[in-house]
Amino acid sequence: MTERSRDLTFRIGTGAVALVVVLIVFAIGVELTRQSLPSIQKFGFSFWRTEIWDPVAGEFGALPFIWGTLYSSVLALLISTPIALGIAVFISELCPAVLRQPLVFLTELLAAIPSIVYGLWGIFVLVPAVRAIETSMPDSLRQLPLFTGPPLGLGMLSAALILSVMVIPFTSSVSREVLRSVPIAQREGAYALGATRFEAIRAALYYARTGIIGAIMLGFGRALGETMAVTMVIGNNPRISTSLFAPQYTMAAVIANEFTEAADQLYLAALVETGLVLFVITLMVNSLSRLLIWSMTRSLAPLQEAAAAPAGGAAA
Amino acid sequence: MTTIKRVGLAVACASALVAGASTAVQINGAGATFPYPIYSKWFAEYNKLHSDVAINYQSIGSGGGVQQITKQTVFFGASDMPMTAEQLQSAPGKIMHFPTVLGAVVPVYNIPNVNTELKFSGPMLADIFLGKITKWNDGAIAKLNPGVSLPGTDITVVHRADGSGTTYIWVDYLSKTSEEFKKRVGVNSSVNWPTGVGGRGNEQVAALVKQTPGALGYVELIYALQNKISYGPVQNMSGELVKASVESVTVAAAAAAKQMPPDFRVSITNAPGKGVYPISSFTWLLLYENPKDKAQSHVMVDFLKWALGDGQKYCAELGYAPLPPDVVKLELAALANVKTS
Numbered sequence: 001m002t003e004r005s006r007d008l009t010f011r012i013g014t015g016a017v018a019l020v021v022v023l024i025v026f027a028i029g030v031e032l033t034r035q036s037l038p039s040i041q042k043f044g045f046s047f048w049r050t051e052i053w054d055p056v057a058g059e060f061g062a063l064p065f066i067w068g069t070l071y072s073s074v075l076a077l078l079i080s081t082p083i084a085l086g087i088a089v090f091i092s093e094l095c096p097a098v099l100r101q102p103l104v105f106l107t108e109l110l111a112a113i114p115s116i117v118y119g120l121w122g123i124f125v126l127v128p129a130v131r132a133i134e135t136s137m138p139d140s141l142r143q144l145p146l147f148t149g150p151p152l153g154l155g156m157l158s159a160a161l162i163l164s165v166m167v168i169p170f171t172s173s174v175s176r177e178v179l180r181s182v183p184i185a186q187r188e189g190a191y192a193l194g195a196t197r198f199e200a201i202r203a204a205l206y207y208a209r210t211g212i213i214g215a216i217m218l219g220f221g222r223a224l225g226e227t228m229a230v231t232m233v234i235g236n237n238p239r240i241s242t243s244l245f246a247p248q249y250t251m252a253a254v255i256a257n258e259f260t261e262a263a264d265q266l267y268l269a270a271l272v273e274t275g276l277v278l279f280v281i282t283l284m285v286n287s288l289s290r291l292l293i294w295s296m297t298r299s300l301a302p303l304q305e306a307a308a309a310p311a312g313g314a315a316a
Numbered sequence: 001m002t003t004i005k006r007v008g009l010a011v012a013c014a015s016a017l018v019a020g021a022s023t024a025v026q027i028n029g030a031g032a033t034f035p036y037p038i039y040s041k042w043f044a045e046y047n048k049l050h051s052d053v054a055i056n057y058q059s060i061g062s063g064g065g066v067q068q069i070t071k072q073t074v075f076f077g078a079s080d081m082p083m084t085a086e087q088l089q090s091a092p093g094k095i096m097h098f099p100t101v102l103g104a105v106v107p108v109y110n111i112p113n114v115n116t117e118l119k120f121s122g123p124m125l126a127d128i129f130l131g132k133i134t135k136w137n138d139g140a141i142a143k144l145n146p147g148v149s150l151p152g153t154d155i156t157v158v159h160r161a162d163g164s165g166t167t168y169i170w171v172d173y174l175s176k177t178s179e180e181f182k183k184r185v186g187v188n189s190s191v192n193w194p195t196g197v198g199g200r201g202n203e204q205v206a207a208l209v210k211q212t213p214g215a216l217g218y219v220e221l222i223y224a225l226q227n228k229i230s231y232g233p234v235q236n237m238s239g240e241l242v243k244a245s246v247e248s249v250t251v252a253a254a255a256a257a258k259q260m261p262p263d264f265r266v267s268i269t270n271a272p273g274k275g276v277y278p279i280s281s282f283t284w285l286l287l288y289e290n291p292k293d294k295a296q297s298h299v300m301v302d303f304l305k306w307a308l309g310d311g312q313k314y315c316a317e318l319g320y321a322p323l324p325p326d327v328v329k330l331e332l333a334a335l336a337n338v339k340t341s
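Sequence order for the protein chains is A and B. Last residue of the first sequence? That's 316 in my numbering, and every number before it is there in order. Last residue of the second sequence? That's 341 in my numbering, and every number before it is there in order.
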């Protein structure tokens with residue numbers, strides 16, 4: 001076998017494996033659509049817009065679940081991103097060498113904990129703690145739409161908190177790697193210009209921003225699909241509310257909860273269609289983040305080249 | 001649970017090996033989770049008596065059990081609610097229902113500083129679960145509980161989030177006692193709750209009620225006993241306040257035996273009679289009247305005869321109520337119709 005033909009076989013082989021991924025994604029989409037046909041035919045697009053989920057009457061709409069999924073995931077991002085970035089910056093830039101490995105190990109350990117364990121911790125530790133915070137909140141604050149409703153502990157706030165703990169290791173690990181890959185010349189350039197440590201780190205963060213956005217979106221994708229831990233603390237009530245105290249529901253949770261006992265064909269189809277909606281939304285989120293990263297790298301490529309020399313432009 | 005399953009499987013495998021492949025009969029079933037503990041006990045005990053028989057049961061939920069038996073991927077199904085006429089029609093053959101044991105669902109509550117046992121009635125529970133009664137010191141609750149100093153705090157309703165036979169029994173009872181509940185919520189294994197928070201499984205409902213002051217939920221009797229949560233008596237059709245117990249549940253079934261339909265598809269919630277606990281139900285095993293595999297059928301009929309007889313003695317220790325003798329008699333007669341050759 002010549003070098004050339006070996007190269008070719010290798011290329012075809014790896015290409016075929018890559019194609020399998022595409023085929024799997026495609027097959028999932030087709031199968032989900034096929035299984036949810038009865039529901040698609042009956043409800044059409046109103047499935048995305050209606051708020052009723054009534055298995056007895058056979059009326060199904062996924063809006064409360066879409067809302068709950070997006071709301072909890074966005075909240076989780078808001079909480080987790082600053083913390084995860086802080087961890088990443090500390091480990092990659094400021095941490096004494098002895099502490100680095102233990103810290104990396106501990107943050108990554110968070111990702112290895114099964115979500116059911118998070119759920120149990122949520123029920124027995126987090127929910128009572130959140131309830132205590134909610135009950136002690138002054139009445140004047142309770143008037144805000146963000147904090148209305150009885151202080152149950154169970155609800156959107158607990159779900160967002162548990163999700164953010166689960167998302168932190170993903171965002172921080174990837175951000176850390178991205179920060180480490182910022183060229184030494186960047187930092188040295190910044191220091192050479194008299195930048196303080198803070199300014200040099202800011203320059204490095206700016207340089208690594210596309211990768212960091214990628215890391216955040218990875219965390220978002222994880223939050224969207226998380227099931228077990230969320231369903232154990234979110235309260236599982238399909239009502240749309242902006243209140244952090246209100247019990248709500250997510251798409252993944254309703255599928256996990258109701259699938260086993262759904263004997264009726266339309267009901268099953270509606271649950272599968274909920275899965276299809278989650279699939280589509282996840283695809284959309286991922287494509288959007290790709291697009292965002294792509295547009296940033298494209299429009300800023302010349303700037304970055306300039307910045308690769310003295311760091312002045314990037315730090316400004 | 002998994003350990004039990006694993007041990008069961010290991011026992012089944014080991015005995016299959018001992019018996020040799022030629023004589024062993026392996027039967028697969030799937031369905032309700034509620035009777036899983038007693039079913040696995042039964043299969044293990046039956047296997048001790050007949051080492052050549054291995055019965056394998058997957059507790060995938062009542063809905064799954066109905067589906068699998070309809071598609072004939074398992075030999076028998078199990079369900080906490082009787083199959084609907086529509087579901088029966090979609091099956092390729094006649095499916096028979098056999099009640100195996102009884103269960104009860106109890107209202108559990110957590111009100112700090114109230115040490116007297118609270119009493120409940122169907123219409124009152126329905127109004128609470130409809131969100132019409134929202135405070136513990138509501139007139140309807142106070143009327144049934146004279147002398148109890150009820151706090152003016154909110155009631156936090158806790159219901160099941162996952163589809164469940166427990167929910168089916170609960171809403172079946174509430175629908176029988178309240179027209180409005182029947183109209184607005186209805187009867188199913190999962191429903192559109194007007195109020196409250198949802199917990200996953202009896203375990204989580206029990207945990208939530210235990211840790212939330214002012215909570216009211218519903219769980220299978222055994223979970224209330226195991227978790228030591230307060231549960232109260234419920235007013236039955238004759239106006240008596242009856243607390244759930246193995247005896248009062250069996251009494252409910254005995255009362256229903258008098259008008260038992262020939263296919264055993266009967267709801268015994270809110271059953272008439274003295275000493276009846278009103279939120280009780282059978283759980284059913286589902287079998288084809290004329291199964292394809294007659295060897296399996298022969299074994300299954302023999303197993304059921306044993307389960308309805310000697311097997312009933314395992315009920316109490318696992319928190320189930322045994323079947324009343326009258327129902328067993330009817331079932332044995334029906335069992336004779338299952339084709340075994």
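These are calculated hints, taken from the structure and not from any lab test. Careful, some of the hints might be misleading.
[Unchecked claim] Capping the alpha-carbon separation at 16 Å, the derived lysine to aspartate or glutamate pairs in EDC-like fashion look like this: (1) Lys182(B) to Asp264(A); (2) Lys305(B) to Asp326(B); (3) Lys132(B) to Glu180(B); (4) Lys313(B) to Glu45(B); (5) Lys183(B) to Asp264(A); (6) Lys183(B) to Glu59(A); (7) Lys183(B) to Asp154(B); (8) Lys42(A) to Asp54(A); (9) Lys71(B) to Asp264(A); (10) Lys339(B) to Asp310(B); (11) Lys94(B) to Asp263(B); (12) Lys329(B) to Asp302(B).
Each hint tested on the structure:
The suggested pairing of Lys182(B) with Asp264(A) is violated, with an alpha-carbon distance near 19 Å, which exceeds 16 Å. With a C-alpha separation of about 14 Å, the suggested pair Lys305(B) and Asp326(B) falls inside the 16 Å cut-off, and the hint holds. For the proposed pair Lys132(B) and Glu180(B), the alpha carbon gap of about 11 Å is at most 16 Å, so the pair holds. A distance of roughly 12 Å separates the Cα atoms of Lys313(B) and Glu45(B); the hinted pair therefore holds under the 16 Å criterion.
Straight-line distance between C-alpha atoms of Lys183(B) and Asp264(A) comes to about 20 Å, which puts the hinted pair past the 16 Å bound. Restraint check for Lys183(B) and Glu59(A): satisfied, since their Cα atoms lie roughly 15 Å apart, inside the 16 Å limit. In summary, the hint linking Lys183(B) to Asp154(B) is not supported, as the alpha carbons are separated by about 25 Å, beyond the 16 Å threshold. For the given pair, Lys42(A) sits about 14 Å from Asp54(A) by alpha-carbon distance, which is consistent with the 16 Å threshold.
A C-alpha spacing of about 14 Å is found between Lys71(B) and Asp264(A), which places the hinted pair at or below 16 Å, so the restraint holds. Straight-line distance between C-alpha atoms of Lys339(B) and Asp310(B) comes to about 23 Å, which puts the hinted pair past the 16 Å bound. At roughly 11 Å between alpha-carbon atoms, Lys94(B) and Asp263(B) fall within 16 Å of each other, so this suggested pair holds. The suggested pairing of Lys329(B) with Asp302(B) holds, with an alpha-carbon distance near 15 Å, which does not exceed 16 Å.
In this structure, the earlier hints numbered 1, 5, 7, 10 are contradicted, and the remaining ones agree with it.
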